[in-house]
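**Student:** Now for the letters of each chain:
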Amino acid sequence: MHYEFDAVVVGAGGAGLSAALELARQVGQTHRIAVLSKLYPVRSHTGAAQGGIGAALGNVEEDHWEWHAFDTVKGSDYLADQDAVEIMCREAIECVYDLEHYGLPFSRLEDGRIAQRRFGGHTRNYGEGPVHRSCYAADRTGHMILQTMYQQCLKHDVKFFDEFHVLDLIIHQGRCAGVVAYEIATGRLHTFHAKAVLFATGGFGRMYKVTSNALALTGDGVAIAFRRGIPLEDMEFFQFHPTGIYRLGILITEGARGEGGILRNNDGERFMERYAPTIKDLAPRDMVSRAIYWEIRNGRGINGKDYVHLDLTHLGREIIETRLPDITDFVRTYLGIDPVKEPIPVTPTAHYAMGGIPTDVDGRVVTDASNTPLPGFYAAGECACVSVHGANRLGTNSLLDILVFGRRAARHMAQYIQQVDMPAMPDDPEQWSRQTIARLMEGDGGERHGQIRAELQSLMMDNVSVFRTEETLKTALEGLAGLKERYGRVTVQDKGRRFNTDLLEAIELGNLLELAEVTTFAARQRTESRGGHYREDYPNRDDQNWLKHSLVSRGEDGGLVWDSKPVVITRFQPQERKY
Amino acid sequence: MQVRVRIRRYDPAQDQRPRYQEYVVDAEPEDRLLDVLNRIKWEIDGTLTFRRSCAHGVCGSDAMLINGVNRLACKVLVRDLGSTITVEPLRGFPVVKDLVVDMTGFFKAYRAVKPWLINDETPPPTERLQSPSERERFDDTTKCILCASCTTSCPSFWSNPEYIGPAAIVNAHRFIFDSRDRGAAERLDVLNSREGVWRCRTIFNCTDACPRGIEVTRAIQDVKRLLLTERV
Ligand SMILES: Cc1cc2nc3c(=O)[nH]c(=O)nc-3n(C[C@H](O)[C@H](O)[C@H](O)COP(=O)(O)OP(=O)(O)OC[C@H]3O[C@@H](n4cnc5c(N)ncnc54)[C@H](O)[C@@H]3O)c2cc1C
Ligand code: FES
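Protein chains in written order, with this note's numbering: chain G, 1 to 579; chain D, 1 to 232.
Derived from the structure by calculation, the hints contain no laboratory data. Quick caveat: nothing in here was measured; it's all calculated off a predicted structure. Ideal Cβ positions, reconstructed from N, Cα and C, are used throughout, including at glycine. Some hints here could point you the wrong way.
Said to hold, decoys possible - In silico DSBU-like pairs for lysine-lysine, Cα to Cα no more than 30 Å straight-line:
1. D:K143 with G:K159
2. G:K155 with D:K114
3. D:K143 with G:K155
4. D:K224 with G:K155
5. G:K280 with G:K209
6. G:K159 with D:K108
7. D:K224 with D:K114
8. D:K114 with G:K159
9. G:K305 with G:K280
10. D:K108 with D:K224
11. G:K155 with D:K108
12. G:K341 with D:K143
As the list claims (entries may be wrong) - Have a look at the derived ranges for each label pair, beta carbon to beta carbon:
13. G:D542 with D:Q21: 53 to 61 Å
14. D:T84 with G:A185: 45 to 53 Å
15. G:E576 with D:E28: 27 to 35 Å
16. D:T104 with G:T322: 53 to 61 Å
Bound conformation, chain G alone (with noise of 0.2 Å):
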């Protein structure tokens, strides 16, 4: 089918959901507006979020815009562009509010206020001591996030296309033009024709065989715009949070920390006192990780084996239950243990994906170093990098930028859909997409895609994840080589039209085995340890070198090409990162 659109978003997740409800309220009566979603919009992965949601409302005690703003930046390593930060710090207040006048239930402290909690990296007066910044409901905020926005597009009618799976992006003649979409149902191909598009298909965890990440987060969006020419930027930054329940990878989330866990090696210590003073178990995401691992190569895992444990029992039945009502589910279905009686043992997990697609602060992609906007063309969310994340994301702020940003890009869009005439097309929009899929169903090359990506995953844990050298990123390289070239023999045993899964993973892993080059690739480059990206050969940050965005894109002769551009600093210089 052809379909005809203004506003085309794809993904509906949190990102997804919010811009398209904006779009409904601003320019709903008007205008068309569509959202695709390979799933169901409440499967989405926002719902998975459990901590909360950053924002300085003071419920508790006194905090500013300017504090979360600070924290942000010192969070991100001082990569994160401090226009976008300090926009994105002062909206949150007000988004907090929209989403409760929206009906989200927020857990209440006794004055009926919405309740807040202490979070990694949150600090009050610029670094003194842990904040209660974190809104949360219990340890399901995501869920109460995504549901509230579901109902409020539900109440204001927007249009969707449930389980349709976005293949590529249509450009031509300099302007985004629409996309075409797979019908899971019957494996139908369609082509949606609108003068704007909007990526908010989350992120790409499952490239790492431990994850907290959803089987369907396989960064489509983002190898889609990679595959249509717009460079990646800060690719090597991905976040491996500290608290996964050991080889599960789910999550435990660090408001489990910030209701009063600790950390605890084999000795039984509190080993982060070690590493971050100040705050402690609090500390960022990076530094807890590589602090997890240090403990553990120097013997002090438990019983000295590859994990540690997080302590929640001091906290008593009632906190552990009440406020972390669905981790303690968790750790009692998949572990048999109970928090409330016994340590949970934990190891770091892939959780968040810094980079991807690179915006400005009104969702629009951007080209090139010098932000060159590609008319049409938006993203918002995990797939995308405005950055307000830099090389190491705070936790709650994730929450946070779907909501700002996508509700931003929505602004923008509904200017831009009114001031344009549709785009032209090219001839034959869908024949990447048939191609791909023929080749996937017709060939008889003989690889199976479950073996590939189980490949992958191993590889990139083993040689691109919390600790990188030279030696491990060339080693990743090379075997992601060999992956690729195998990916190019994939057949799919299943030939139907019907809800063909089979074909479906075969192309999600396509996607995944280009990101985790890109990743690589990039990681490589990085001669420094910033955020997330920890080399151990060159264990220092380096601002001469290297206080800047990297960028990178597919050259014409196939091979990657890095670029880089400069970090918008506004009002905090960087300087040394302690806890």
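Knowing the structure of chain G, use the given hints to seat chain D with the ligands on it.
**Tutor:** Coordinates of chain D with the ligands only, in the frame set by chain G:
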């Protein structure tokens, strides 16, 4: 250990009728059933079809009939299922393929109860106040992940697919008992209709089926009681 997994397979585009297919696979006792299904799909038979995403019981994708009861495949462990595991699609919805069912009717019922906050009063510049006890009143029903385990375990729903079903009632409850909501009357009209709460026979299957531990039957009783006391 080895497990034998019997799966009800059906592709209406190709098959005359459903059939059961057996796979024998290695599994750890701590594996989720979803891990086992993925292993079958990735290593043995790519045509096996099911929905999944989060893999830890929060997205609601993979509700299915497992050894005769509705469960999320990602929230049951092999050690609790025995060495022969039977997996079938949820009952009461048309099968799209294998374990994937058509959820159109389910989401239609959800929409019918107007699942959004109804309140036209101008909000204050900051948050509306709500006490912890007012918040507690509807906490249980905010947990719903719309997986359809409850609705498709309900005999009243099997015999009458027009019945709005427990999940929609749970989501109506979430708003009716929210101190900030003003839409109770509109919602109660829907729930008081022929296909509304009165179809519930208090069988408790829904409560047993809920992977989030929501006391579904009790929520339905709350709504019935409200209809009896406030509106007759
Ligand atoms: C376990 C966990 C806990 C977290 N806790 C917190 C927290 O407490 N606070 C915080 O701030 N952050 C938290 N985060 C991070 C935060 O939740 C995510 O970064 C954020 O929700 C991402 O939102 P999104 O809208 O960008 O993407 P998602 O919610 O992942 O949505 C992506 C959407 O894109 C769609 N999509 C993807 N590919 C395609 C395609 N090819 N075609 C069509 N549609 C497509 C999907 O269907 C989905 O609707 C957490 C993350 C995890 C994993
Ligand atoms: S996969 Fe999300 S609930 Fe099971």
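**Student:** Run every hint past the structure and note whether it holds.
**Tutor:** Hints, verified against the model:
1. D:K143 with G:K159: Measuring from Cα to Cα gives roughly 25 Å; hence the hint holds.
2. G:K155 with D:K114: Measuring from Cα to Cα gives roughly 8 Å; hence the hint holds.
3. D:K143 with G:K155: holds (20 Å)
4. D:K224 with G:K155: holds (25 Å)
5. G:K280 with G:K209: holds (28 Å)
6. G:K159 with D:K108: holds (14 Å)
7. D:K224 with D:K114: Measuring from Cα to Cα gives roughly 18 Å; hence the hint holds.
8. D:K114 with G:K159: holds (16 Å)
9. G:K305 with G:K280: With a Cα-Cα distance of about 23 Å, the restraint between K305 of chain G and K280 of chain G holds, given a limit of 30 Å.
10. D:K108 with D:K224: Given pair K108 of chain D, K224 of chain D holds - Cα atoms ~21 Å apart, limit 30 Å.
11. G:K155 with D:K108: holds (13 Å)
12. G:K341 with D:K143: holds (25 Å)
13. G:D542 with D:Q21: 53 to 61 Å: holds (58 Å)
14. D:T84 with G:A185: 45 to 53 Å: violated (31 Å)
15. G:E576 with D:E28: 27 to 35 Å: violated (46 Å)
16. D:T104 with G:T322: 53 to 61 Å: Violated, at about 37 Å.
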